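Spelled out from the first residue to the last, the chains are:
2 protein chains.
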Amino acid sequence: MELPNRKMDILKAVIEDYIATAVPVGSRTIARRYMSGLSAATIRNEMADLEEMGYLIQPHTSAGRIPTDKAYRLYVDRLLEIKPLGEEQNNAVREHFFRHMDEMEQVIRKTAQIISDLTQYTSLVLAPQMRRTTLRRIQLVPINREMALVVIVTDATVVKDVVIRIPEGMDNDRLDTISRMMTVRFAGHSIADVDISLMEGLERDIQQYRRFFTDLMNAMGDSILQPDWQDLVMEGAINIFNFPEYQDIKRARSFLTMLETREKLYQMLARRTKLETAITIGDENEDSDLKDCSVVTATYRVTGRPMGSIGVIGPTRMEYGHVVGVLDLIGRNLGELISLYIDE
Amino acid sequence: MELPNRKMDILKAVIEDYIATAVPVGSRTIARRYMSGLSAATIRNEMADLEEMGYLIQPHTSAGRIPTDKAYRLYVDRLLEIKPLGEEQNNAVREHFFRHMDEMEQVIRKTAQIISDLTQYTSLVLAPQMRRTTLRRIQLVPINREMALVVIVTDATVVKDVVIRIPEGMDNDRLDTISRMMTVRFAGHSIADVDISLMEGLERDIQQYRRFFTDLMNAMGDSILQPDWQDLVMEGAINIFNFPEYQDIKRARSFLTMLETREKLYQMLARRTKLETAITIGDENEDSDLKDCSVVTATYRVTGRPMGSIGVIGPTRMEYGHVVGVLDLIGRNLGELISLYIDE
DNA sequence: CGTTAGCACTCAACGAGACAGAGTGCTAAC
DNA sequence: GTTAGCACTCTGTCTCGTTGAGTGCTAACG
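As given, the protein sequences belong to chains A and B, one line each in that order.
No gaps in the numbering here: position 200 of the first sequence is 200 in this note's numbering, and each next residue is one more.
No gaps in the numbering here: position 109 of the second sequence is 109 in this note's numbering, and each next residue is one more.
If you are wondering where the hints come from, they were derived from the structure by calculation, not from laboratory data.
The structure displayed is predicted, hence computed values, not measured ones.
Do not rely on the hints blindly, as some may be mistaken.
What the hints assert, rightly or not - From the derived model, a few chain A residues whose C-beta atoms are all more than 12 Å from chain B:
1) R44
2) H60
3) Q129
4) L140
5) E146
6) R253
7) E286
Said to hold, decoys possible - Covered, in the sense of this in silico footprint (three residues per stretch, anywhere, with C-beta under 8 Å from a C-beta of chain B), are these stretches of chain A:
8) 161-169
9) 245-252
10) 256-263
Stated by the list, open to error - BS3-like, lysine-lysine: derived pairs with alpha carbons at most 27 Å apart:
11) A:K83 to A:K110
12) B:K274 to B:K250
13) A:K250 to B:K12
14) A:K83 to A:K7
15) B:K291 to B:K12
16) B:K264 to B:K274
17) A:K274 to A:K250
18) B:K264 to A:K110
19) A:K291 to B:K250
20) B:K110 to B:K70
21) B:K110 to A:K264
22) B:K110 to B:K12
23) A:K250 to B:K83
24) A:K110 to B:K110
25) A:K12 to A:K83
26) A:K83 to A:K250
27) B:K264 to B:K250
28) A:K291 to A:K250
By construction, the Cβ of each residue, glycine as well, lies at the ideal position given by its N, Cα and C atoms.
All chains should be built: construct the whole structure from the sequences, respecting the hints.
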């Protein structure tokens, strides 16, 4: 199953030429531009072999060849050279990152923008996953006589707030007391552990406000644990118009429609949060809508733990080396920035 | 400048047929489908007049006619019949609205979805404008030793939070005291009034933490008063592909690109918040990117005061009557829902 | 035996020309 | 004032030939 060197070189040349031009590449082009030692006829023979082996196909007779998903897979596994970014781009990224970034939401959005700027593909950024954080503090802030805001502070400073109805006659001091009490009880626990059982031993209060506390637990659990696809940010969707293979209105449309079902994208990214970098090419994607796209994702880590994913989505003809380089750089910066929010 | 009745009828027929079909409409069509008493030739003469008057144009000789922006303007001003929604749709809307809507952000997003579902155009929803609300409470919630979260509660329950750096050695009790103090000082004021001058008379504290307080004011001012285009939610952008006039890839692209510059859209909606309903057609739009689109917006009111806008954006060939009906219904429901968050 | 030159063949892309269909403007008659 | 008739114009579509890129095959070469 090992490919001879020369075939490998030719395949690489075809792939890279096709990535650069989106035009089926013929034997002449390869002979002239990449393998000057050989004639077109020789390349032709090799290409016929590669076609038989499933690495290349012809869109029609008498056209050049284009790589198959299988070829991209081989390319990514064996031939890929990760392209680190230049010094000045590196600095530009850091500049962007450590200026004007106070709110987490803004950080996420800006990150997505930078990725799509640098790669020219559609970027995806998954905000830090709450279920991986631990609680630090809970504060009930009264809004009016009937409602309060539950502010949840975690060790990643990712704050969520939920509105909750409060029982009649509960005053501000009481809310404060409850806040303090809950903070003591919950601090250090994972958010996934939040449960009424943690309230054991506070029988007096629970008796009186049992209903309120269960509401509270549910609200916290719901709003934070639920697959929350608002945590997914996307930028540069319309970059797709830059690619000749999406000049066809039907393809462009189906691509953009696919992007609109954010639940699926969210789940894809969430599932990949453990993987360092993951590349899926065309048919390898579980979702059939993605079958002529490639997805590249990377994890970012906060104080060592994987907290979320970043990624791009684009045509299978993707500049994998460059994308992996960008995601690597951005992932490290993002992790670092979020870590700044944390002290421990 | 008054149009004779028959011309008016013909113009109306042309507009409505064109809105329905997107195909230039000829004299035969009108004679057959709308004005059975007259022959095509007569209609032709009238249409020639209407063309001369600037209400119709021919895309080319020997094509039918299409309405100009001026015609749509006349139509909207004089001929428009607002189409109220049917009973069951009305109920469906209320159903949607008063189920599963706890968080403001969710309300806004869902509203946008409903509008784009009902109209099949791209919807825009502007969240309640902070600068129109008054402050109710301010609470500083410590996050870690260096930072705190400023939670701002307004009378529209629209809560914003900002992260701020706190001076060394400031403990939780102190933050609580400051929160209480600021609440007393600021409650009832418009958020636009927040200023260090409101802190007069607290010289002791200010002396000690002057820097902190100015930071705090700035942070609040910045994050809330700034044209915050995150308050703008959009749904159904890809609906544009449903319209034959956007089958052309270049037009579709430029439309979607225009939607991506959210600042402009934000400002357009913000500017219209005072107007009950506003319709701008084609060239009437200030932004040249919108020159072959129409924008319809409506205000929603919370306890009587206009708080934000909702709207749709689509081709000038828009079903104005239907859109106005939908926006009216949704606007009232949205206002009502938000009012529920308020007690006074 | 691998490599190369030559050649016939295939197919998409492009442009020209023909044609049908829709719609108009004009004129003359009702 | 309205209508029928007719010549005219323009678009969209279809067909057909041409061009050019690229292939596969065969035979010759080192």
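Evaluated hints:
no. : hint             : verdict
1   : R44              : 35 Å, holds
2   : H60              : 23 Å, holds
3   : Q129             : 18 Å, holds
4   : L140             : 10 Å, violated
5   : E146             : 7 Å, violated
6   : R253             : 5 Å, violated
7   : E286             : 23 Å, holds
8   : 161-169          : holds (count 3)
9   : 245-252          : holds (count 4)
10  : 256-263          : holds (count 3)
11  : A:K83 to A:K110  : 22 Å, holds
12  : B:K274 to B:K250 : 35 Å, violated
13  : A:K250 to B:K12  : 34 Å, violated
14  : A:K83 to A:K7    : 24 Å, holds
15  : B:K291 to B:K12  : 22 Å, holds
16  : B:K264 to B:K274 : 17 Å, holds
17  : A:K274 to A:K250 : 35 Å, violated
18  : B:K264 to A:K110 : 19 Å, holds
19  : A:K291 to B:K250 : 25 Å, holds
20  : B:K110 to B:K70  : 34 Å, violated
21  : B:K110 to A:K264 : 19 Å, holds
22  : B:K110 to B:K12  : 35 Å, violated
23  : A:K250 to B:K83  : 33 Å, violated
24  : A:K110 to B:K110 : 24 Å, holds
25  : A:K12 to A:K83   : 16 Å, holds
26  : A:K83 to A:K250  : 33 Å, violated
27  : B:K264 to B:K250 : 21 Å, holds
28  : A:K291 to A:K250 : 15 Å, holds
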